[in-house]
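**Student:** Based on the sequences and whatever the hints tell you, model everything.
Protein chains in written order, with the working numbering: chain R, 27 to 332; chain W, 27 to 332.
What the hints contain is simulated information worked out from the structure, not anything from laboratory work. A couple of the hints might just be wrong.
Note: identical chains are not told apart, hence a pair may lie in one copy or across any two.
Within a straight-line C-alpha distance of at most 25 angstroms, the following computed DMTMM-like cross-link-like pairs (lysine to aspartate or glutamate) qualify [stated by the list, open to error]: (1) Lys203 / Asp86; (2) Lys43 / Asp86; (3) Lys205 / Asp86; (4) Lys47 / Asp110; (5) Lys43 / Glu54; (6) Lys135 / Asp168; (7) Lys250 / Asp129; (8) Lys45 / Asp86; (9) Lys182 / Asp153; (10) Lys43 / Asp129; (11) Lys314 / Glu44; (12) Lys96 / Glu273; (13) Lys111 / Asp129; (14) Lys47 / Asp100.
Number of protein chains: 2
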Amino acid sequence: MSNIVTIGEILVEILAKEKGKSFLNTQELLGPYPSGAPAIFIDQAAKMGSSCGIISVVGDDDFGRVNLNKLKEDGVDISNVFIDKNLATGVAFVTYHLDGNRDFIFHLKNSATSKLRYEMIDMSIFDDCKYFHIMGSSLFNDSLIECAKKIVDYCKNKGIKISFDPNIRKELLNDNKMKEVLLYIYDKCDIFLPSEAELSMFIPGFSEKEALLNSGKEIVVLKKGAKGCIGAFEGKIYEIKAFESIEIDPTGAGDCFGGTFISCLNQNFGFEKSLIYANKAGSIAVSKRGPMSGNTTLSELEISLL
Amino acid sequence: MSNIVTIGEILVEILAKEKGKSFLNTQELLGPYPSGAPAIFIDQAAKMGSSCGIISVVGDDDFGRVNLNKLKEDGVDISNVFIDKNLATGVAFVTYHLDGNRDFIFHLKNSATSKLRYEMIDMSIFDDCKYFHIMGSSLFNDSLIECAKKIVDYCKNKGIKISFDPNIRKELLNDNKMKEVLLYIYDKCDIFLPSEAELSMFIPGFSEKEALLNSGKEIVVLKKGAKGCIGAFEGKIYEIKAFESIEIDPTGAGDCFGGTFISCLNQNFGFEKSLIYANKAGSIAVSKRGPMSGNTTLSELEISLL
Chain R
27 MSNIVTIGEI
37 LVEILAKEKG
47 KSFLNTQELL
57 GPYPSGAPAI
67 FIDQAAKMGS
77 SCGIISVVGD
87 DDFGRVNLNK
97 LKEDGVDISN
107 VFIDKNLATG
117 VAFVTYHLDG
127 NRDFIFHLKN
137 SATSKLRYEM
147 IDMSIFDDCK
157 YFHIMGSSLF
167 NDSLIECAKK
177 IVDYCKNKGI
187 KISFDPNIRK
197 ELLNDNKMKE
207 VLLYIYDKCD
217 IFLPSEAELS
227 MFIPGFSEKE
237 ALLNSGKEIV
247 VLKKGAKGCI
257 GAFEGKIYEI
267 KAFESIEIDP
277 TGAGDCFGGT
287 FISCLNQNFG
297 FEKSLIYANK
307 AGSIAVSKRG
317 PMSGNTTLSE
327 LEISLL
Chain W
27 MSNIVTIGEI
37 LVEILAKEKG
47 KSFLNTQELL
57 GPYPSGAPAI
67 FIDQAAKMGS
77 SCGIISVVGD
87 DDFGRVNLNK
97 LKEDGVDISN
107 VFIDKNLATG
117 VAFVTYHLDG
127 NRDFIFHLKN
137 SATSKLRYEM
147 IDMSIFDDCK
157 YFHIMGSSLF
167 NDSLIECAKK
177 IVDYCKNKGI
187 KISFDPNIRK
197 ELLNDNKMKE
207 VLLYIYDKCD
217 IFLPSEAELS
227 MFIPGFSEKE
237 ALLNSGKEIV
247 VLKKGAKGCI
257 GAFEGKIYEI
267 KAFESIEIDP
277 TGAGDCFGGT
287 FISCLNQNFG
297 FEKSLIYANK
307 AGSIAVSKRG
317 PMSGNTTLSE
327 LEISLL
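**Tutor:** Here it is as structure tokens:
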């Protein structure tokens with residue numbers, strides 16, 4: 027019974043408490059925070075009022091449970107989240123430089139999520155699905171790539187809209203197989219949600235707005251972080267300025283933006299309103315520490331927009 | 027040029043700051059602390075004044091570097107510690123119950139150390155070796171088991187004493203292959219350093235002291251934690267009471283005990299003095315937070331014994 031379905035990594039995040047510290051020194055950390063880009067996305071989409079589900083694997087440990095508790099509490103269907111007995115739930119360590127850049131150390135490729143197999147998935151999760159959201163960060167082994175391709179094909183055949191957020195961190199982009207599957211998904215997606223660097227990678231040779239108008243996609247939304255976003259729909263460009271916000275922790279803001287946007291579309295809020303709500307949700311997300319801590323319900327968001 | 031050589035996991039430890047908290051809640055943590063049982067052992071053996079080396083693999087990340095910096099600073103030969111470009115350095119998360127028990131979440135089996143192959147090792151590290159120390163916690167895949175067996179055979183042939191600390195946590199003991207290799211190493215070891223539970227596992231059917239006297243080993247030292255230790259050597263039992271200490275963090279205390287004991291033997295301090303020094307070093311280790319933070323130099327240890 028999920029209108030919006032996503033697939034991919036569920037992990038915990040451990041944050042360095044103080045900015046400007048490398049992991050070369052023992053220091054105060056904060057965590058575990060529930061995390062994983064698709065998990066942040068689907069948590070926010072559910073909080074905004076759509077029926078949502080996620081396909082994933084976690085370990086049989088408290089890092090898995092802290093995520094499942096959060097997702098369940100926020101209304102996400104976790105019946106397709108499986109428990110692996112051998113591998114621990116993934117972990118991302120994040121430390122912030124004084125200039126706002128982040129350094130990561132990941133235990134992800136080798137974590138429980140890596141054990142997802144297509145055969146495990148109960149495809150009835152797609153029975154009421156209108157939007158399937160997939161992110162590049164989730165495609166880190168052959169089995170996950172197979173899942174992604176098969177589900178993209180399945181959704182394409184059933185007329186389920188495919189929403190694609192490349193979400194590729196340099197740490198995760200290290201082989202040609204991944205590039206191939208990114209292009210495979212890009213070709214089939216209806217909704218494309220890139221960052222600035224990703225837009226020029228997938229639609230090269232154009233200026234920003236030309237790229238947005240010439241994509242051939244139903245919807246493209248360029249996420250520009252603190253500079254807002256630009257959307258293209260039915261041959262028209264919508265430029266939305268960012269809302270003011272004090273940045274505490276940007277991790278997850280793009281996923282929160284995407285979750286809000288797709289959840290608004292699913293509730294027929296219209297393109298421009300969906301963009302504005304997504305922008306506002308992203309600005310709230312960066313003001314809270316922890317990847318999902320700044321996720322908001324629809325009513326919280328509407329109050330903040332008054 | 028190492029008199030004492032060990033092999034095995036190098037990892038970082040992340041500690042829950044407050045006791046009595048599970049990992050189900052976001053909380054203050056402390057880390058990364060350099061860790062890994064063989065790393066703690068060899069760091070302490072080197073601080074005590076013996077020439078020492080370790081064979082291991084770390085990731086190409088700050089968690090690897092924080093360990094290598096510490097080991098190098100304390101005089102350990104790290105020329106046989108290799109860098110794996112694909113897997114991150116292992117992580118152990120530890121939280122303490124109010125009753126002193128610990129809960130762990132590990133990213134170890136799937137970490138950089140898992141990539142150690144026998145062919146990588148420069149066996150000249152054993153040219154001046156008198157003691158090879160090996161721990162059960164390091165035997166978590168086929169390749170590491172192969173390394174252990176081949177080095178044990180090599181050392182046996184060369185007359186290098188084999189020191190064996192079973193050091194098996196319930197989380198790590200989950201297959202028969204591991205039990206087989208533990209018995210293989212036990213059969214060939216000269217020095218056996220079990221905990222109370224491990225003594226009855228390897229030498230069943232005896233009382234404690236009978237087991238110590240009937241092992242057929244050159245040296246057996248039973249580590250009893252806060253209750254001190256009992257050693258058996260040349261048919262005689264040596265019972266050493268624990269030194270008083272305020273326990274802050276017991277992780278690594280047994281490894282520090284072992285490192286001190288073997289380093290003292292290597293410096294010909296005699297059996298009883300080596301036991302007393304090891305006991306004292308263990309009591310200091312538990313009084314400091316962080317697995318290697320309580321490691322002591324020989325002069326620090328001698329001052330504390332005045």
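**Student:** Decide, hint by hint, whether the structure agrees.
**Tutor:** Results of checking the hints against the structure:
With identical chains, the CA atoms of Lys203 and Asp86 are at most 25 angstroms apart between copies only, with a shortest distance of 23 angstroms across copies and 30 angstroms within one. In this assembly of identical chains, Lys43 and Asp86 lie within 25 angstroms of each other by CA distance solely across copies; the values are 23 angstroms between and 27 angstroms within a copy. Taking the shortest alpha-carbon separations for Lys205 and Asp86, only the inter-copy value of 23 angstroms comes in at or below 25 angstroms, while the best intra-copy value is 32 angstroms. Proximity of Lys47 and Asp110 under a CA criterion of 25 angstroms is satisfied inter-copy only: 24 angstroms between copies versus 34 angstroms inside one chain copy.
In the homo-oligomer, the alpha carbons of Lys43 and Glu54 lie at most 25 angstroms apart both inside one protomer (6 angstroms) and across protomers (9 angstroms), since each shortest distance falls under that limit. In the homo-oligomer, the alpha carbons of Lys135 and Asp168 lie at most 25 angstroms apart both inside one protomer (11 angstroms) and across protomers (20 angstroms), since each shortest distance falls under that limit. Proximity of Lys250 and Asp129 under a CA criterion of 25 angstroms is satisfied intra-copy only: 20 angstroms inside one chain copy versus 42 angstroms between copies. Taking the shortest alpha-carbon separations for Lys45 and Asp86, only the inter-copy value of 22 angstroms comes in at or below 25 angstroms, while the best intra-copy value is 32 angstroms.
Proximity of Lys182 to Asp153 under the C-alpha cut-off of 25 angstroms is restricted to the intra-copy arrangement: shortest distance 14 angstroms within a copy versus 65 angstroms between copies. For a Cα distance limit of 25 angstroms, the shortest separation of Lys43 from Asp129 qualifies both inside one copy, at 13 angstroms, and across copies, at 23 angstroms. For a Cα distance limit of 25 angstroms, the shortest separation of Lys314 from Glu44 qualifies both inside one copy, at 15 angstroms, and across copies, at 23 angstroms. For the homomeric pair Lys96 and Glu273, the shortest alpha-carbon distance inside one copy (23 angstroms) is at most 25 angstroms, but the shortest distance between copies (35 angstroms) is not.
In this homomeric assembly, Lys111 and Asp129 come within 25 angstroms of each other (Cα to Cα) only across copies, at 16 angstroms, whereas the closest approach inside a single copy is 30 angstroms. For the identical chains of this complex, Lys47 and Asp100 are inter-copy neighbours only, at 23 angstroms across copies versus 33 angstroms inside a copy, given an alpha-carbon limit of 25 angstroms.
Checked against the numbered hints given earlier, the structure satisfies every one of them.
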